[in-house]
Amino acid sequence: MAATVSPTSLESAPRIMRLVAECSRSRARAGELRLPHGPVATPVFMPVGTQATMKGITAEQLDALGCRICLGNTYHLGLRPGPELIQKAHGLHGFMNWPHNLLTDSGGFQMVSLVSLSEVTEEGVRFRSPYDGDETLLSPEKSVEIQNALGSDIIMQLDDVVSSTVTGPRVEEAMYRSIRWLDRCIAAHQRPDKQNLFAIIQGGLDADLRTTCLEEMTKRDVPGFAIGGLSGGESKGQFWRMVALSTSRLPKDKPRYLMGVGYATDLVVCVALGCDMFDCVFPTRTARFGSALVPTGNLQLKKKQYEKDFRPIDNDCACPTCQKHSRAFLHALLHSDNTAALHHLTVHNIAYQLQLMSAVRASIVEKRFPDFVRDFMGTMYGDPTLCPTWATEALASVGITLS
Amino acid sequence: THQTLHTIHGLPAMAQLTLSSLAEHHEALAEYKEGIGKFIGMPELLLYCSLHDPVSPCPAGYVTNKSVSVWGLGGRVEMTASKFMAIQQALQPDWFQCLSDGEVNCEEATSIKRARKSVDRSLLFLDNCLRLQEESEVLRRSAIIGVIEGGDVMEERLRSARETAKRPVGGFLLDGFQGNPATQETRLHLLSSVTAELPEDKPRLICGVSRPDEVLECIERGVDLFESFFPYQVTERGCALTFSFDYQPNPEETLLQQNGIQEEIKYVDQTKKIKTTSCNQEMTSFEINLKEKKYQEDFDPLVRGCSCYCCKNHTRAYIHHLLVTNELLAGVLLMMHNFEHYFGFFHSIREALKSDRLAQLKELIRRQAS
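Protein chains in written order, with my numbering: chain A, 1292 to 1694; chain B, 77 to 446.
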């Protein structure tokens, strides 16, 4: 793949990203985001706390794990408890008492996840509430208005999201509409000095559409860009190519946020492809099913094989769960009617993701990222050559070979 | 989790575990060898192992002359004295309730015959367990708590107390004094008579009693240790303990509190009919129900002046939101508050006893009881 030149950004957009190091082979970068509620080291994984809470763990626990930015969801919070109440509570930060940074999604993804309850027009997305049957219209203006009330440090534009498995004219329509909606969001944004509005690149799995979107959106004056419309049901081969295409055309001096990613392997590969920020419900969701993340994959702790396994989940993990508890204990707890096991695993899985990102970052800063990737793949797959094809290809495209 | 548990001030040095939840894990624990305290990551706590979980009632009809059953998630675990002691050997708790026949208490009316059987069986179990304890070095490190049975029959209760007191037990569990308020007075009378027979220098535990008003009545009659399931039940129904145990406040505070209490009592009268979900118990007047709409915009802490993590960091409005959205954190935060509040209550009991002001505390609690 030929190296492409990133367009220069407009002068007036706030520069919230400071690059600290770049990998000389791949597109990986280490940096620092300067946000209203404190600095955030990148690459960063942001845990998802949809309804103003991180699924059973306290703000103090999350802070102790080193998390400095997490997600809230506009669609859910807009319904319950609603923006007026949150505003009275001094914003989402005040409401949940989170001292660090928050990023709110616009509600766009719910268009896909709740597709049976929604209808998209140029105006916006009409949702039927699952709670009381009421209809709400989420327009670009409304989404920004809610996010202004929430007061999150990074807010996302409302985009027209289609599932990545959709093909045909709908994809093109959604892409152009997203651009128009971006402009409407920018116009409606009341607090550009306190909240950073990110654009979201769409275009599905079509290289031409995506390129057009990139060209257009990078003309807009925003502090950061997200790569959207991926991490749905598409094949990994298509996935990485769209990510790579996107990063090749996004400005270097602004953060790249890959939405909905994910699994450890995906994180490492996409850092190599030039992404800085990630979010995914996977680690917290899988914890609630009794699954603990480890460098070799995951442990299904409900299984009988762990009944007498007195080791911690991961010997090298510094999280409170691994410091205090054994797999056998967690196994027993998972077979009780007590929810404590879920909390222990949530703590561990978040720690795992954050520790992974820290390690990635350190390797970039210390100029040994390609070696790190090889080690990581070796641990995960037994042998670097046993790494999935798509990952091998993706890494090769940015100059990292695994054998 | 351990992290959140240790933010609670006034955490007692002793925790209760139930055999009903642990018996099934006997094998794994035996292989672990180092005891349940270490296994659960709480080696610093003293542990008392009871037979049953106070929150889950035991199905009747499963005690025989030779065995007692507990009910775990996987079903019934039947234990003879030797199996019971083998399990305790694997658990290695600091104290454990001896195998006993508590079934007489599950029945409506106790016949003298049934009461007598409960005492006889329990004494037999006790003697068997003590004998087995002698043969094991590991078991000798634990203290066996003798169980006082006898239903509602005074003669049998006294016999149980006197006979159990003759054995080398570490303390006494007063079983079967919980139950419906109709028979409360009789039971309290029985309780006084029983404790009068017990040595002063050994602890008296009671099971099934956890409400603040009932706790005080038992303390007056010589009981020392209680189970903390009341704050748990309060949490499960989405409520927070708010009753006052400050029996010597400054006059300004008293006025504020009284006004506060009046309001709560008024409201509770109207809302007592609210159906609670997972808990079959009705809400008491010692608590507020955070699911109520009036808390939606209430930015006060659960209890003003409370030093628990929840009150120092969060508002009633936030807890309300978490409950409405069915978030796991609701239970975590409420439990932290309810434990701290409850342990604070016990602290005030101890202080009141030391300064001979128990009557004042009792009056304060009585005023708040529904």
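Worth flagging that the hints you see were computed from the coordinates, not collected in a lab.
Treat the hints loosely; a few may be bogus.
Straight-line C-alpha distance at most 20 Å; calculated SDA-like pairs for lysine to any residue [stated by the list, open to error]:
(1) B:Lys-114 - B:Gly-150
(2) A:Lys-1594 - B:Leu-87
(3) A:Lys-1595 - B:Glu-100
(4) A:Lys-1595 - B:Leu-87
(5) B:Lys-109 - A:Phe-1601
(6) A:Lys-1594 - B:Glu-120
(7) A:Lys-1594 - B:Gly-150
(8) A:Lys-1599 - B:Tyr-108
(9) A:Lys-1379 - B:Lys-114
(10) A:Lys-1595 - B:Pro-377
(11) A:Lys-1615 - B:Lys-370
(12) A:Lys-1593 - B:Arg-235
(13) B:Lys-370 - A:Ala-1355
(14) A:Lys-1593 - B:Glu-103
(15) A:Lys-1379 - B:Thr-262
(16) A:Lys-1593 - B:His-102
(17) A:Lys-1615 - B:Pro-377
Pair by pair, the computed Cβ-Cβ distance ranges are [to be verified]:
(18) B:Asp-322 - A:Asp-1474: 56 to 62 Å
(19) A:Gly-1673 - B:Pro-119: 46 to 52 Å
(20) A:His-1381 - B:Arg-217: 49 to 55 Å
(21) B:Ser-383 - A:Asp-1674: 40 to 46 Å
(22) A:Ser-1526 - B:Ser-383: 51 to 57 Å
(23) A:Arg-1417 - B:Pro-119: 56 to 62 Å
(24) B:Leu-122 - A:Asn-1629: 38 to 44 Å
(25) B:Leu-149 - A:Arg-1461: 45 to 51 Å
(26) B:Ser-212 - A:Gly-1673: 27 to 33 Å
(27) A:Asn-1629 - B:Arg-217: 25 to 31 Å
(28) A:Thr-1630 - B:Lys-109: 25 to 31 Å
(29) A:Ala-1609 - B:Leu-149: 46 to 52 Å
(30) A:Thr-1630 - B:Gln-260: 55 to 61 Å
(31) B:Lys-109 - A:Asp-1354: 52 to 58 Å
Positions of the beta carbon are idealized from the N, C-alpha and C atoms, including for glycine.
We went through each hint and held it up to the structure:
Proposed proximity of Lys-114 of chain B and Gly-150 of chain B is contradicted: the alpha carbons are some 24 Å apart, above 20 Å. Under the criterion of a C-alpha separation no larger than 20 Å, the hint pairing Lys-1594 of chain A with Leu-87 of chain B is inconsistent with the structure, at around 34 Å. The hinted pair formed by Lys-1595 of chain A and Glu-100 of chain B meets the criterion: a straight-line CA distance of about 13 Å does not exceed 20 Å. As the CA atoms of Lys-1595 of chain A and Leu-87 of chain B are separated by approximately 34 Å, the hinted pair breaks the 20 Å bound.
Taking the CA atoms of Lys-109 of chain B and Phe-1601 of chain A, the gap is near 11 Å; set against the 20 Å cutoff, the hint holds. Taking the CA atoms of Lys-1594 of chain A and Glu-120 of chain B, the gap is about 29 Å. The hint is violated against a cut of 20 Å. Our distance criterion of 20 Å between C-alpha atoms is met by Lys-1594 of chain A and Gly-150 of chain B, whose separation comes to about 15 Å. Of the supplied pair hints, the one linking Lys-1599 of chain A and Tyr-108 of chain B holds, its CA atoms being roughly 7 Å apart against a limit of 20 Å.
Between the alpha carbons of Lys-1379 of chain A and Lys-114 of chain B the distance comes to roughly 46 Å, so the proposed pair goes past 20 Å and is violated. Straight-line distance between C-alpha atoms of Lys-1595 of chain A and Pro-377 of chain B comes to about 43 Å, which puts the hinted pair past the 20 Å bound. Pair hint Lys-1615 of chain A plus Lys-370 of chain B does not hold up; C-alpha atoms about 40 Å apart against a cutoff of 20 Å. Taken as a hint, the Lys-1593 of chain A and Arg-235 of chain B pair is broken in the structure, with Cα atoms around 48 Å apart against an allowance of 20 Å.
For the proposed pair Lys-370 of chain B and Ala-1355 of chain A, the alpha carbon gap of about 33 Å is over 20 Å, so the pair is violated. Note on Lys-1593 of chain A and Glu-103 of chain B: the hinted pairing holds, with a Cα-Cα distance of about 16 Å set against a maximum of 20 Å. Annotation: proposed proximity of Lys-1379 of chain A to Thr-262 of chain B is violated, straight-line Cα distance about 54 Å (limit 20 Å). Using a Cα cut-off of 20 Å, the hinted pair Lys-1593 of chain A and His-102 of chain B holds, with the two alpha carbons roughly 17 Å apart.
Pair hint Lys-1615 of chain A plus Pro-377 of chain B does not hold up; C-alpha atoms about 31 Å apart against a cutoff of 20 Å. The hinted range of 56 to 62 Å is satisfied by Asp-322 of chain B and Asp-1474 of chain A, whose Cβ atoms lie roughly 60 Å apart. Remark: the range hint 46 to 52 Å for Gly-1673 of chain A to Pro-119 of chain B is contradicted by a beta-carbon distance near 37 Å. For the hinted restraint 49 to 55 Å between His-1381 of chain A and Arg-217 of chain B, the CB-CB distance of approximately 54 Å keeps it satisfied.
For the hinted restraint 40 to 46 Å between Ser-383 of chain B and Asp-1674 of chain A, the CB-CB distance of approximately 55 Å leaves it violated. Taking 51 to 57 Å as the suggested C-beta distance range, the pair Ser-1526 of chain A and Ser-383 of chain B conforms, at roughly 55 Å. The given range of 56 to 62 Å is respected by Arg-1417 of chain A and Pro-119 of chain B, whose C-beta atoms sit roughly 57 Å from each other. In this structure, Leu-122 of chain B and Asn-1629 of chain A break the distance hint of 38 to 44 Å, their C-beta atoms being roughly 21 Å apart.
At roughly 49 Å, the beta carbons of Leu-149 of chain B and Arg-1461 of chain A sit within the given window of 45 to 51 Å. One distance hint, 27 to 33 Å for the beta-carbon pair Ser-212 of chain B and Gly-1673 of chain A, is violated here, with the actual separation near 47 Å. Between Asn-1629 of chain A and Arg-217 of chain B the CB atoms are about 27 Å apart, so this pair conforms to the stated range of 25 to 31 Å. A hinted range of 25 to 31 Å holds for the C-beta pair Thr-1630 of chain A and Lys-109 of chain B, which are about 28 Å apart.
Ala-1609 of chain A and Leu-149 of chain B have their C-beta atoms about 32 Å apart, which leaves the hinted 46 to 52 Å range violated. Checked against the hint of 55 to 61 Å, the pair Thr-1630 of chain A and Gln-260 of chain B fails, with Cβ atoms roughly 34 Å apart. For the pair Lys-109 of chain B and Asp-1354 of chain A, the beta carbons lie near 37 Å from each other, so the given range of 52 to 58 Å is not met.
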